[in-house]
Every structure is written in structure tokens, then in C-alpha cells.
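In the order they appear, the protein sequences are chains A and B. The numbering used here numbers the first residue of the first sequence as 49 and each following residue consecutively. The numbering used here numbers the first residue of the second sequence as 49 and each following residue consecutively.
Keep in mind that the hints are not guaranteed to be accurate.
Pairs involving identical chains hold if they fit within one copy or between any two copies, as the list cannot separate such chains.
[Claimed, not checked] In silico lysine-lysine, DSS-like type, Cα no more than 30 Å apart, as pairs:
hint, residue 1, residue 2
1, Lys138, Lys120
2, Lys386, Lys78
3, Lys360, Lys83
4, Lys351, Lys138
5, Lys394, Lys248
6, Lys169, Lys394
7, Lys240, Lys138
8, Lys360, Lys169
9, Lys68, Lys360
10, Lys136, Lys77
11, Lys120, Lys169
12, Lys248, Lys386
13, Lys50, Lys73
14, Lys366, Lys136
15, Lys83, Lys73
16, Lys136, Lys50
17, Lys306, Lys83
18, Lys360, Lys138
19, Lys108, Lys366
20, Lys386, Lys50
21, Lys351, Lys240
22, Lys136, Lys404
23, Lys366, Lys68
24, Lys68, Lys241
25, Lys306, Lys50
26, Lys120, Lys136
27, Lys241, Lys306
These aren't lab readings, by the way, just hints derived from the structure by calculation.
2 protein chains.
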Amino acid sequence: MKTINVELGDRSYPIYIGQKLLSDKSIIKKHVTSKQVLIITNEVIAPYYLDLLLSNLSDKQVETLILPDGEKTKSLEHLNIIISRLLKNKFSRTCTLIALGGGVVGDLTGFAAACYQRGVKFIQVPTTLLAQVDSSVGGKTAVNHPLGKNMIGAFYQPISVIADTSVISTLPGRELSAGLAEVIKYGLIRDKKFFEWLQKNISKLINRDEAALAYAIERSCINKAEVVAEDETESGVRAILNLGHTFGHAIETALEYKEWLHGEAIGCGLLMAADLSYRLGYLNEATVATIESILMEAGLPVKNHPRVTMQKMLENMKVDKKAKDGVLYFILLESIGKAVITADIKTEMLEETINKYLSRG
Amino acid sequence: MKTINVELGDRSYPIYIGQKLLSDKSIIKKHVTSKQVLIITNEVIAPYYLDLLLSNLSDKQVETLILPDGEKTKSLEHLNIIISRLLKNKFSRTCTLIALGGGVVGDLTGFAAACYQRGVKFIQVPTTLLAQVDSSVGGKTAVNHPLGKNMIGAFYQPISVIADTSVISTLPGRELSAGLAEVIKYGLIRDKKFFEWLQKNISKLINRDEAALAYAIERSCINKAEVVAEDETESGVRAILNLGHTFGHAIETALEYKEWLHGEAIGCGLLMAADLSYRLGYLNEATVATIESILMEAGLPVKNHPRVTMQKMLENMKVDKKAKDGVLYFILLESIGKAVITADIKTEMLEETINKYLSRG
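With the hints as constraints, model all of the structure from the sequences given.
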């Protein structure tokens with residue numbers, strides 16, 4: 049087992065990475081110090097891992113809430129369902145919430161923990177590759193609004209993250225690829241050596257080689273933890289973690305959070321960010337092709353969804369959280385391993401990029 | 049004009065207290081540095097002060113949202129209305145929200161600011177005595193849930209508080225009394241000299257003597273700022289600010305946030321806390337009578353609302369935010385000017401106190 053610390057002063061916490069961690073009673077018991085515990089999970093994950101988690105908490109007052117699968121669950125309505133359950137069971141401010149699931153469960157549970165009685169403890173038990181390498185780490189919690197993704201949320205840190213690599217064995221192939229989009233992102237934004245390792249090992253990852261997966265998760269978490277420690281609330285450098293996300297979120301909103309997984313939209317978004325970087329003269333065509341190639345090998349889309357239009361893309365990008373007083377900011381690449389934050393991208397250039405990937409639809 | 053600083057490191061902010069501050073363009077302009085501004089107010093306050101505030105922001109992109117008056121507005125539904133308005137107008141993360149109103153508008157706006165895109169700036173312009181001396185200061189933001197008051201919220205500080213004492217002139221009498229409940233509370237929990245001053249000057253305050261009001265607001269804000277600086281997230285001493293609130297919130301919940309103003313419920317709650325302190329041997333009967341007397345002079349209820357039952361009181365108190373793993377904590381008085389946090393109050397004793405004030409109904 050590897051332990052990575054996210055260094056945030058009195059909000060610091062450990063990420064545990066290793067095989068069969070869910071079967072290890074000692075880790076969860078170390079962090080659940082309250083009597084009252086609510087486990088939030090979904091209908092897909094519950095049959096696999098809920099009983100295992102429950103068996104480690106037999107001496108607690110445990111409630112479980114099994115929510116529908118999918119991005120639609122990240123809503124104010126489901127937040128209200130969680131709060132109601134907590135209140136009906138008279139859960140006090142010392143209780144602990146556990147998120148057992150992917151990014152949707154983690155983001156929703158984290159936001160519920162941030163809000164309930166102005167803040168209670170929560171633990172992330174991510175069960176998808178994407179959640180293990182990205183959404184469970186760093187304290188970004190949120191629900192969606194019909195007009196924009198993650199528009200209602202909080203920066204709120206868990207007290208620990210338990211990333212059991214054995215759960216990847218039950219992950220559907222599309223979910224594995226979606227997770228790899230964020231893994232590739234870390235290489236692109238700040239870790240050239242890791243990107244080169246990924247180029248050599250991408251087929252091992254797709255074939256779920258446990259040692260390769262463990263290394264990829266570890267490198268991803270180390271990269272994320274370093275960025276978050278530097279800038280917890282995204283006032284500066286943390287924005288680089290959003291490479292491809294301005295495009296990706298616009299795609300997801302256009303598809304009403306259906307059809308594509310978050311990581312799939314980000315995969316396509318990474319390529320669009322690379323293309324825009326090329327149009328600005330940062331990257332050469334060969335590098336864009338290298339990025340397209342690794343995304344394809346990872347099983348990610350390299351063209352936009354046929355239902356997404358130019359108009360929808362432009363409209364949805366305007367409410368991006370990185371916009372400041374109406375000016376849109378983009379995270380782009382100066383080279384592989386070096387991200388840059390840019391403003392004032394010309395609309396024509398942006399349209400060229402969007403159009404290039406639309407036209408293949 | 050007096051300026052009191054709430055000392056919270058990089059979240060520190062000033063409270064301005066004085067006459068006709070709403071007519072002073074320089075204060076608001078100093079703090080609103082963004083182009084996009086949303087003013088949130090209600091239908092009662094808007095006719096009095098909205099135009100005045102708007103005239104000071106003529107060079108900004110200002111949206112206004114006028115909500116219904118009353119505690120029912122502090123809901124997830126109204127949070128969603130605010131978020132929708134922000135998104136429809138493409139407000140970015142650099143925007144500023146201004147709460148123009150009493151505690152309901154302030155708590156709701158503050159929570160919206162805490163959540164929108166994970167946090168935007170907000171300014172409190174409290175227009176009731178209660179909001180000026182209590183709810184606008186200290187960063188407690190929240191909305192209600194049908195099963196409990198302030199159950200969904202955040203600790204989130206404003207960037208400034210502008211307390212214009214001239215607005216008290218248009219305040220209904222009941223609202224003035226409600227504000228005095230919190231003013232009296234500061235004397236009771238930590239400022240004996242101020243309590244003695246209040247005993248001598250309570251009729252001046254009821255008669256809206258401007259100098260007396262300004263002094264009472266200033267002493268209240270100083271007391272609150274000192275407590276909040278010591279314990280921002282209520283892990284310890286800040287709990288003393290909740291004297292009377294466990295009872296008061298139970299009353300409000302029983303009345304479904306109707307009939308009584310928050311401060312009226314707190315007025316009655318202060319007396320019940322004093323009575324329970326007497327039953328535990330902390331206060332003598334004469335002191336309880338002194339407290340009852342000043343509450344009566346302030347125009348506050350000294351018996352529970354006739355619609356509230358023993359059962360409702362006990363039930364509602366169980367989900368109090370001060371409960372820890374099922375044990376109920378009470379803020380009580382050791383003497384006037386000295387609050388104490390206690391646990392494990394015997395249910396019979398609690399029932400005696402509740403019963404005493406019910407029986408007068």
C-alpha cells in the first residue's frame with residue numbers, strides 16, 4: 049500500500065492506494081471516529097462492494113443510501129434526499145459520510161458533507177479509475193444545474209481517500225477509458241516523463257495490468273496532490289487541472305449529461321485543447337497527432353458527439369467557471385508536460401477548432 | 049462612522065456602522081470591484097432602499113432579485129432561483145452578490161455566494177437590527193429544511209458589512225424587539241457592563257434613540273467579532289452565541305417558521321435557558337426575574353407560543369446542530385456575563401423548564 053499526503057495544513061489528509069484495501073478493516077476504522085455513519089452509493093456499485101464496507105463498520109450506527117447511477121444524480125434534488133435522510137435519522141454534526149462510488153457519488157456526497165449543518169466529515173472510497181485519479185482528490189465538490197455543470201458546490205476536503213485498485217477489475221471498459229483521459233491529462237500538463245511512460249504502457253493499462261494501474265494511479269494522485277497543495281481554491285495554478293475541461297463541460301452540457309461519460313467528453317476536450325494550442329503556435333502538428341494517437345489507444349473519442357452543434361458549444365462555454373467578467377480563459381499546452389493559462393482567444397480560432405472536430409461527426 | 053474589523057486572517061473584513069451609510073457611494077464602491085453584481089433583496093425592503101443602492105452602482109452590470117418576505121424564502125428552492133438568475137446572465141466567478149435585507153436575505157445570499165461556482169464575493173447590507181447585530185456578522189450562512197432550521201449551509205465570510213443605523217427608523221416595532229433579543233444575549237453571555245447599560249437604556253432603544261442604537265449595535269458587533277475571531281467554525285467557544293437558540297429553534301420549527309420572528313423565539317429561548325440555568329443551581333431566582341424583566345421591556349415574549357407542545361419541543365431539539373452523537377448540549381448561564389456549555393441535562397429538568405413556559409400559553 050502507498051500513502052500520499054495532500055498537504056493542506058489542518059485540512060491535510062492521506063490517500064491510500066493499493067490492492068484489496070476495502071477488505072482491510074483497520075484503514076476505515078482509523079478514520080471513522082463517530083458513531084453515526086451514512087454510506088452513499090449507487091445501484092451499480094452497491095451489489096459489488098456495499099456489504100464488504102458494511103462488514104467493516106458493524107459496531108457503528110450505519111445508514112445506507114443507494115442512489116440511481118449517472119450524472120443526473122448530481123442535483124440539488126438528490127442533495128435534498130441526503131439531507132432528509134440525515135435529519136430523519138437525527139444525525140448530528142459529528143457524523144461521518146462515506147462516498148462509495150465514482151465521481152458522481154463522490155461530488156454529491158462531498159457537497160452534502162460540506163453543507164449538512166455547515167460541514168461534517170466525509171471519506172472518499174472511489175470505485176472508478178476516474179474518481180481514484182481525479183475527482184476524489186482535492187476537495188472539489190458540487191452538483192449540476194440544468195444550465196451548467198458543477199455550478200453549485202464547495203471546496204471541501206475529505207478526511208481520507210481509500211483507492212482500492214482491485215475494484216478496477218469490475219469496471220466496464222468505457223469507464224476505464226474515461227479514467228485514462230484524466231491520467232493522460234496529468235502527463236500533458238506537468239509530467240512529461242509520465243506521459244512518455246504512458247505512451248509505452250497504454251495497452252497494459254487497457255488490459256488492466258494491476259502493477260501498471262497502481263503506478264498510473266499513484267503518479268496521477270501525486271501530481272494532483274502537489275497542484276492542490278499549491279492552490280486549494282483555484283485562484284491560480286490549479287486551473288491547469290482543467291485542461292480540456294472547458295470543451296469537455298460544453299459537450300456534456302450540450303448532451304444534457306447523457307450519452308457520454310465525463311472522461312469521454314474530457315478525452316475529446318484534451319484533443320481540442322491541443323488543436324487550439326497548435327493554432328496559437330504553441331504545439332506543432334506532430335505533437336497534436338501524438339496526443340490524438342494516445343487518446344485513440346486509450347479508447348477515447350477523438351471527434352465530437354454528432355448531436356453537438358457549434359452554437360451549443362459556444363453558448364455553453366460562456367458560463368464556464370474559468371470565465372472572469374465575461375472573458376473566457378483557456379488552459380492550453382506550450383509543450384507536452386507544460387500547461388499555460390491564456391485569455392482573449394479569438395472567436396474565429398476557437399470556431400476553427402470546434403469545427404474541425406464537429407465536421408467528423 | 050465606526051469600523052470594526054473581524055479578524056480572520058485572509059478572510060478578515062470590516063463592519064461599518066453609522067448613519068446614512070447607504071447614501072455614501074464611496075463605501076460600496078470600495079468593495080465592489082467586479083463588473084457583474086447581483087443585488088438580492090425582498091419585496092418589503094426594495095421600495096425603501098433598492099433605488100438608493102442602485103444609484104451607487106450605476107457603472108456596473110447590476111441584476112436585482114426581489115424575493116418574498118419571510119423565513120420560507122430561506123429554502124433550497126430559492127437558492128436554485130438565485131443560481132438560475134446568475135447562470136442565465138452568465139455571471140462568472142468574479143461577480144459580487146449583495147444582500148440587502150434582514151437575516152433571511154443575508155443567510156440565503158451568503159449561502160448562494162458560498163455555493164455559486166464554489167464561492168464568489170458577497171457584501172452584507174443588513175436592514176434589520178437583528179441582522180446588523182447578529183446574522184450579517186460571522187459568516188454563518190444557510191437555508192432551512194422542513195425538518196430543521198439552518199440545516200443546509202456553510203461558514204462563508206462576506207467581504208464587508210455595511211450597517212446603516214438610519215434604516216432602523218423604518219423598522220416595524222416587532223422587528224426592533226426581535227433584534228433586541230440578540231443584543232441582550234451579548235450582555236448575558238460575555239459583557240456584564242453592557243447588560244447593565246441595557247437595563248438603564250432599554251426604553252431609549254425601544255424609542256429608537258439613534259445614539260443609543262448606534263452604541264448597542266457597536267457593542268454587539270464587537271462582542272460577536274471577538275468570539276468569531278476566536279472560533280470561526282464553532283468548534284468551541286463560538287457555541288455560546290447560541291444561548292437560547294436550542295429552545296428558540298425548536299419553537300420556530302414547531303411553528304413552521306411562521307407566527308413568530310426569529311428574534312421573538314430567541315427572546316423566549318433566552319428566558320428558558322435562564323430558567324434551566326436556575327434549575328441546575330447556576331442562577332438564583334432573582335436573576336431569572338431580572339432577565340425576564342428586561343425581555344418584557346424589550347417587547348419580547350416571555351411564554352411559549354400557544355401552538356407549541358412539549359412533544360414538539362423535545363422532538364425538535366434532538367436534531368439541534370449542537371448535538372454530538374445523540375447527546376444534547378446546552379448553552380447556559382453561570383451568571384450574567386458568563387455563559388457555560390453543558391451536556392447531559394436530565395430530561396426531567398428540561399421538561400420542567402419547557403413546561404413552565406408552556407403552561408402560561
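With 30 Å as the alpha-carbon cut-off, assign the pair lysine 241 and lysine 306 to within, between, both or neither.
Intra 35 Å, inter 63 Å, cutoff 30 Å: neither.
From the Cα coordinates, with 30 Å as the cut-off, is the pair lysine 394 and lysine 248 best called within, between, both, or neither?
This pair counts as neither: shortest intra-copy Cα distance 36 Å, inter-copy 68 Å.
For the identical chains here, do lysine 68 and lysine 360 meet the 30 Å Cα criterion within one copy, between copies, both, or neither?
Neither: 43 Å inside a copy, 47 Å across copies.
Given a CA cutoff of 30 Å, do lysine 50 and lysine 73 count as a within-copy pair, a between-copy pair, both, or neither?
Classified as within: same-chain Cα gap 17 Å, cross-chain 57 Å, threshold 30 Å.
What label fits lysine 169 with lysine 394 when the C-alpha limit is 30 Å: within, between, both, or neither?
between (44 Å within a copy, 29 Å between copies)
Indicate which option fits the pair lysine 360, lysine 83 if close means a Cα-Cα distance not exceeding 30 Å: within, between, both or neither.
Result: close only across copies, 25 Å inter versus 48 Å intra.
Are the CA atoms of lysine 120 and lysine 169 at most 30 Å apart within a copy, between copies, both, or neither?
both (24 Å within a copy, 28 Å between copies)
Are the CA atoms of lysine 68 and lysine 241 at most 30 Å apart within a copy, between copies, both, or neither?
within (29 Å within a copy, 63 Å between copies)
As a check of your reading, is lysine 360 near lysine 169 (CA-CA no more than 30 Å) within one copy, between copies, both or neither?
between (38 Å within a copy, 29 Å between copies)
Could you place lysine 306 and lysine 50 in one of the four classes (within, between, both, neither) given a Cα distance threshold of 30 Å?
neither (35 Å within a copy, 55 Å between copies)
Up to 30 Å between alpha-carbons, please classify lysine 136 paired with lysine 50: within, between, both or neither.
So lysine 136 and lysine 50 fail the 30 Å test inside a copy (38 Å) and across (45 Å) alike.
Please work out whether the CA atoms of lysine 360 and lysine 138 approach to 30 Å or closer within one copy, between two copies, in both situations, or in neither?
Between. Shortest inter-copy distance 14 Å satisfies the 30 Å Cα cut-off; intra-copy 44 Å does not.
Going through the hint list in order, the structure does not satisfy hints 2, 5, 7, 9, 16, 17, 23, 25, 27.
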